[in-house]
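Put together the whole structure using the sequences plus the hints.
Protein chains: 2
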Amino acid sequence: MKESGRKHGALAPCAACKLLRRRCAQDCVFAPYFPADEPQKFASVHKVFGASNVNKMLQELPEHQRRDAVSSMVYEANARVRDPVYGCVGAISSLQQQINSLQTQLAVAQAEVVHMRMREFTSSSNTGAMDMAVNQDNMGESLWSC
Amino acid sequence: MKESGRKHGALAPCAACKLLRRRCAQDCVFAPYFPADEPQKFASVHKVFGASNVNKMLQELPEHQRRDAVSSMVYEANARVRDPVYGCVGAISSLQQQINSLQTQLAVAQAEVVHMRMREFTSSSNTGAMDMAVNQDNMGESLWSC
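Order-wise, the sequence lines are chains A and B.
Heads up: the first sequence is residues 1 to 146, going by the UniProt record's numbering.
Heads up: the second sequence is residues 1 to 146, going by the UniProt record's numbering.
Take these hints with a grain of salt, some might be off.
Any copy, or any two copies together, can satisfy a pair, since identical chains are not distinguished.
Claimed, not checked - Subject to a maximum C-alpha distance of 27 Å in a straight line, what follows is the list of computed DSS-like cross-link-like pairs (lysine-lysine): (1) K41 to K18; (2) K18 to K56; (3) K47 to K18; (4) K56 to K41.
It is worth saying that the hints were derived from the structure and are not from the lab.
Okay, here's the thing in structure tokens:
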């Protein structure tokens, strides 16, 4: 597992403990995910969720899920900092609009395919009928030529 | 503006003040958005963002944007309670997958339309050539009949 720039032994504080001005313990819950060289990551989640909530949420998860949880919290927090009214719900709403638009375009294209297949089918049926008619004419001609 | 079930004068506490066990002031920032009869809304945002962060975020916004901000925070908080690892970032990821799938289906359908148009065009060009040939035959016939 990556030690995230943390110097064990020297106890250089992680970004979280540095911001919270507290001693960074060997088993600090933040240290693996908030390295000292990326202070903005913790600053965002601290501003939006609060350090104690982040701590609690991490403690409630098994270790193998914590990295993903931190990534999603950082994403959410950054979205809320950028857009304090809608946060990442704004992104959800815009993706849903995009889905609606794509579904409409897809329905139009699929309807066009069906329409063209029908026309192609009708036209090939007519050609078949014409071919039959031509064959009947040829039969007539061959009868006259007898 | 809806008073959200709050009884002015009687000072019945809003859901936030009730949960935080504090006096609900006449100008309480939570009261218009967290009515006493919907305690779960505040419980979720309190658990995920923390009451003081929600308070701060609301104070930093003009009043006409606060209702939307509360709705998006409640949505985000509920998503995080349901899915503590991915929260509403899980929804974003699933919507993005849906968009990728729709874009692929749309590209296939549009390619089929183009392909069918090309075939239709080629077939109508051939029919045109056949028509010309038929017309030339007719001309031949009419010459003989003269």
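> Should K41 paired with K18 be assigned to within, between, both, or neither, using CA atoms and 27 Å as the limit?
Replying inline: Only inside one copy: K41 and K18 sit 13 Å apart there, 33 Å across copies, limit 27 Å.
>> I want to check one pair: K18 and K56. Are their C-alpha atoms no more than 27 Å apart within a copy, between two copies, both, or neither?
In response: both (19 Å within a copy, 23 Å between copies)
> From the Cα coordinates, with 27 Å as the cut-off, is the pair K47 and K18 best called within, between, both, or neither?
Replying inline: This pair counts as both: shortest intra-copy Cα distance 15 Å, inter-copy 24 Å.
> From the Cα coordinates, with 27 Å as the cut-off, is the pair K56 and K41 best called within, between, both, or neither?
Replying inline: both (17 Å within a copy, 20 Å between copies)
Consistency note: the structure conflicts with none of the earlier hints.
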